[in-house]
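A.B. asks: Modelling step: build the complete structure from the supplied sequences, incorporating the hints.
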Amino acid sequence: MADTVLYDLTDGLATVTLNRPDAMNALNIEAKVTLRDTLREAAADPAVRAVLLTATGRAFCVGQDLKEHIGLLAEDRANGSGSTMTTVREHYNPIVEALTEMPKPVVAGVNGVAAGAGAGFALAADYRVVADSASFNTSFAGVALTADSGISWTLPRLIGHGRAADLLLFPRNIGAQEAYDLGIANKVVPAAELAGTAAAVARTLAQGPTAAYAAIKESLAYGAGHSLAETLGKEDELQVRAGASEDHRIAVEAFVKKEKPVFLGR
1 MADTVLYDLT DGLATVTLNR PDAMNALNIE AKVTLRDTLR EAAADPAVRA
51 VLLTATGRAF CVGQDLKEHI GLLAEDRANG SGSTMTTVRE HYNPIVEALT
101 EMPKPVVAGV NGVAAGAGAG FALAADYRVV ADSASFNTSF AGVALTADSG
151 ISWTLPRLIG HGRAADLLLF PRNIGAQEAY DLGIANKVVP AAELAGTAAA
201 VARTLAQGPT AAYAAIKESL AYGAGHSLAE TLGKEDELQV RAGASEDHRI
251 AVEAFVKKEK PVFLGR
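Counting in the UniProt record's numbering, the sequence shown runs from 1 upward without gaps.
Incorrect hints may have been included.
[Said to hold, decoys possible] No farther apart than 20 Å at their CA atoms in a straight line, the calculated lysine to aspartate or glutamate pairs in the EDC-like style are these:
1. Lys217 <-> Glu68
2. Lys217 <-> Glu193
3. Lys67 <-> Asp22
4. Lys217 <-> Glu253
5. Lys217 <-> Glu230
6. Lys217 <-> Glu235
7. Lys217 <-> Asp22
8. Lys258 <-> Asp247
9. Lys258 <-> Glu246
10. Lys217 <-> Glu97
11. Lys217 <-> Asp45
12. Lys234 <-> Glu41
[Unchecked claim] Distance ranges between label pairs, derived from CB positions:
13. Asp132 <-> Ser219: 30 to 38 Å
14. Lys258 <-> Gly142: 36 to 44 Å
15. Leu220 <-> Asp11: 23 to 31 Å
16. Gln177 <-> Thr10: 47 to 55 Å
17. Glu101 <-> Glu193: 42 to 50 Å
Simulated from the structure, these hints should not be mistaken for laboratory data. Built from N, CA and C at the ideal position, the CB exists for glycine as well.
C.D. replies: Listed below in structure tokens is the structure:
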């Protein structure tokens, strides 16, 4: 059996690849556990300076594996439990937390449809490179479920409350160009160029000032839920930290010498 998630670490870039192409990278229990644990490993590894999350086949991820899910629901009904839906706290929440909270940038290379939790994982990344043939769909209401995988937090921050409510209440396929126009996609490229472009973006980040990127992630997340005064205080705190980094010293010295800085990630 092929690995449901592939992992490669090269020159500071960790590439995490969903690998159930025959199932459109639907999330069965094995895939969810492996993805969660792989992302946690990448987050904790100081050798990792950026992460690229992508997938094999024609889909990025269509969300929950409903074929497995229906069997688990039947077991729940038979034994009177609700254990199937614990997947949100056991799998989806930790995956989204790993993506959003790791102190390094995450790029999603969206090669095809991203639906349900698959859309949630893409939205949890810091930057999305999207194939022109790809699409997004919240999907949840279509199967009588509410939002999970962080979408109720990420989507309104990207496109506003009203548009987020529209896409959650009336799920539909959002093509790549519309995703770009809405602010979901950062870059749209021809499908044949997706892998190379997404990797190039992620490699650029892997060679950058990692600690500064971590501070940028932290400041954006903090500012989303705090007042201006509180956010200014957080910016001060983070800037003091960034100013004391080795990469800041390297960048300033390189600027004075009119050279390109070579960042160390610390």
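A.B. asks: Flag every earlier hint the structure violates by its number, smallest first.
C.D. replies: Of the numbered hints, 1, 2, 4, 7, 12, 14, 16 and 17 do not hold.
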